[in-house]
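Enquirer: Got chain F sorted already, so can you dock chain L onto it with the hints?
Here is how the chains run, residue by residue.
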Amino acid sequence: MRCPEVKAFLHPFLDGELQVEQSTLVVQHLELCQPCRDRFEDERRLLERVRVALAERCPDALRAKLRAACGAAAPAMPLAPRRSAIFSLRAAASVAVIAILFVGVDPFCFFGCPTVRALVAESRDRVAQMPLPVAGTDANHRHDVDVARDLARITSMVEVPCLCARNIHCKGAAKIGCCKEGCLVIFADGQERWISFVKARATVHPWLVARAGESGFYICTQDGCRFVGWKDQDGSLCGFIGDERVNGDELLALAADVRRGDRR
Amino acid sequence: MAEVARSSASDFEALLSPLLDSLFGAALRLTKNRADAEDVVQESVMKAWRGFDRFQPGTNFKAWAFKILANTFFSKKRSEKREPRTAPLVDPGDIALAAEEVSVEALAQLASPEADGSPSWERLYPALVDDDVKQALDELPEEYRAPLLLSALGGLSYKEMAAALDVPVGTVMSRLFRARERVRASLKGRDVAARRGA
Chain F
14 MRCPEVKAFL
24 HPFLDGELQV
34 EQSTLVVQHL
44 ELCQPCRDRF
54 EDERRLLERV
64 RVALAERCPD
74 ALRAKLRAAC
84 GAAAPAMPLA
94 PRRSAIFSLR
104 AAASVAVIAI
114 LFVGVDPFCF
124 FGCPTVRALV
134 AESRDRVAQM
144 PLPVAGTDAN
154 HRHDVDVARD
164 LARITSMVEV
174 PCLCARNIHC
184 KGAAKIGCCK
194 EGCLVIFADG
204 QERWISFVKA
214 RATVHPWLVA
224 RAGESGFYIC
234 TQDGCRFVGW
244 KDQDGSLCGF
254 IGDERVNGDE
264 LLALAADVRR
274 GDRR
Chain L
240 MAEVARSSAS
250 DFEALLSPLL
260 DSLFGAALRL
270 TKNRADAEDV
280 VQESVMKAWR
290 GFDRFQPGTN
300 FKAWAFKILA
310 NTFFSKKRSE
320 KREPRTAPLV
330 DPGDIALAAE
340 EVSVEALAQL
350 ASPEADGSPS
360 WERLYPALVD
370 DDVKQALDEL
380 PEEYRAPLLL
390 SALGGLSYKE
400 MAAALDVPVG
410 TVMSRLFRAR
420 ERVRASLKGR
430 DVAARRGA
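Chains F and L, in that order, give the protein sequences. Using this note's numbering, you'd call the opening residue of the first sequence number 14 and step up by one each time. Using this note's numbering, you'd call the opening residue of the second sequence number 240 and step up by one each time.
A hint or two may mislead.
Here are some of the chain L residues that sit facing chain F, going by a computed Cβ distance under 7 Å [as the list claims (entries may be wrong)]:
#1 ALA391
#2 TYR397
#3 ALA401
The calculated EDC-like cross-link candidates involving lysine to aspartate or glutamate, where the alpha carbons are at most 16 Å apart (straight line), are [what the hints assert, rightly or not]:
#4 L/LYS373 with L/GLU319
#5 L/LYS427 with L/ASP371
#6 F/LYS78 with L/GLU382
#7 F/LYS78 with L/ASP260
#8 L/LYS316 with L/GLU382
#9 L/LYS271 with L/ASP370
#10 F/LYS78 with L/GLU282
#11 L/LYS271 with L/GLU420
#12 L/LYS427 with F/ASP55
#13 L/LYS427 with F/GLU56
#14 F/LYS78 with L/ASP278
#15 L/LYS373 with F/GLU61
#16 F/LYS78 with L/GLU277
#17 L/LYS315 with L/GLU277
Derived from the structure by calculation, the hints contain no laboratory data. Even glycine gets a Cβ: it sits at the ideal position worked out from N, Cα and C.
Only chain F is shown next, with the shape it has when bound in the complex (with noise of 0.2 Å):
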């Protein structure tokens, strides 16, 4: 793929629009070409801006008033039986590689960071301390906030043999955990890396599926990663299901049940 073509797909690549096989093209001219990256930074940053700027908060009242006439309105029908979600790996997959692609890339480094433990503690009292933003506070706050509690959403850690990534090839064992909103990557040698999705995306579709191309992949879900791939020496694809190692095989014949929604 080159510059025009991949300039054209930006838009869908951010809106998680493009199929698994168009954002792999995407991912990989962007970890090539410096320009496109930058341009992508750019509009990645600018959506950012913009949702972080149009949060809002719904007025008490207005919700105790929507409660209320809901309450006495006439009830609506029985539901009909639930259907499993249909879900969309494309629009999950290109969030998270964008994900995984930006690894490397000025992450968020913040706190200090000690151990997860320690963090995740920390960031729930800074929420609880935290007041709620309000409209045209400082978007810089707000910020805070949103990470702060991304944080407290990380319930658990997986330990990994490597992660590799753009930036970061192979480079040793690592922990990392996931919530809806990103994953948070521990390296042994204590540096961290907050790793933020799309946010408006990631809320929706509850597994995050990412490939990163040359280098390995791993799929998490908004409760942590189940397992991390990627690839050996000898080029062979291996990962690990729980604390259980599996081949490729083993591990693309999971990545398929979870992209179909069979497993949880």
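Expert: Relative to chain F, chain L alone:
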């Protein structure tokens, strides 16, 4: 029967409650007015509640709710206009593709050469506050603002936005793209002005 009614009411509340902030946010930027926004949200929620039996569990409730919100806003707006509906905004650059699949060529056309400049703008426009972003959005024509809001706040897909706004997917894409370009240009200008003033 009462049992069923109670459970569907709690289902509805469980689905709706987390969306109220973003629904209100979208309504506020559509109406540009808190009182009107509250009206639109209230009316939309009541419509959603009354039509909840038609909602298919397992499908995207968020997209459904935002669609109702958009419909409510636009129909309210139409009924408030004394004049019958004026000619819809026609954008000569609109690439209205009826087909679901959008070609690379069409997308390439959207990426206008104007946007080609080096990404020189400062990271995140540090000189600007959220109100600047809101004002930049408010300046957009409704046709452009609506998809931007549905995308940013509702996270709707192109297809869902097309259904919500009753326009082809290609139109959604081109409007969304142009909306973002306009916001970017507006913010750029404000950022320069803010720095000059500072």
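Enquirer: With reference to the structure, classify each hint as holding or not holding.
Expert: Going through the hints against the structure:
Of the supplied interface hints, the one on L/ALA391 holds, with its beta-carbon coming within about 5 Å of a beta-carbon of chain F, less than 7 Å. Restraint check, L/TYR397 versus chain F: the minimum CB separation of about 6 Å is within 7 Å; hint holds. Hint status for L/ALA401 relative to chain F: violated, with the closest Cβ pair at about 12 Å, above 7 Å. Only pairs whose Cα atoms come within 16 Å are accepted, and L/LYS373 paired with L/GLU319 is rejected, the gap being roughly 24 Å.
The straight-line distance between the Cα atoms of L/LYS427 and L/ASP371 is roughly 11 Å, inside the 16 Å bound, and the hint therefore holds. A distance of roughly 30 Å separates the Cα atoms of F/LYS78 and L/GLU382; the hinted pair therefore is violated under the 16 Å criterion. With a C-alpha separation of about 15 Å, the suggested pair F/LYS78 and L/ASP260 falls inside the 16 Å cut-off, and the hint holds. For the hint pairing L/LYS316 with L/GLU382, the CA-to-CA distance comes to about 13 Å; that is within 16 Å, so the pair holds.
At most 16 Å may separate the alpha-carbon atoms for a hinted pair to count; L/LYS271 and L/ASP370 meet this at roughly 12 Å. At roughly 11 Å between alpha-carbon atoms, F/LYS78 and L/GLU282 fall within 16 Å of each other, so this suggested pair holds. Distance check on the hinted pair: L/LYS271 and L/GLU420 sit about 21 Å apart at the alpha-carbon level, beyond 16 Å; violated. Note on L/LYS427 and F/ASP55: the hinted pairing holds, with a Cα-Cα distance of about 12 Å set against a maximum of 16 Å.
With a C-alpha separation of about 13 Å, the suggested pairing of L/LYS427 with F/GLU56 holds against the 16 Å cut-off. The straight-line distance between the Cα atoms of F/LYS78 and L/ASP278 is roughly 11 Å, inside the 16 Å bound, and the hint therefore holds. A threshold of 16 Å between alpha carbons decides the hint, and for L/LYS373 with F/GLU61 the separation of about 13 Å falls inside it, so the pair holds. Taken as a hint, the F/LYS78 and L/GLU277 pair is honoured in the structure, with Cα atoms around 10 Å apart against an allowance of 16 Å.
Restraint check: the Cα-Cα separation between L/LYS315 and L/GLU277 comes to about 13 Å, which is no more than 16 Å; the hinted pair holds.
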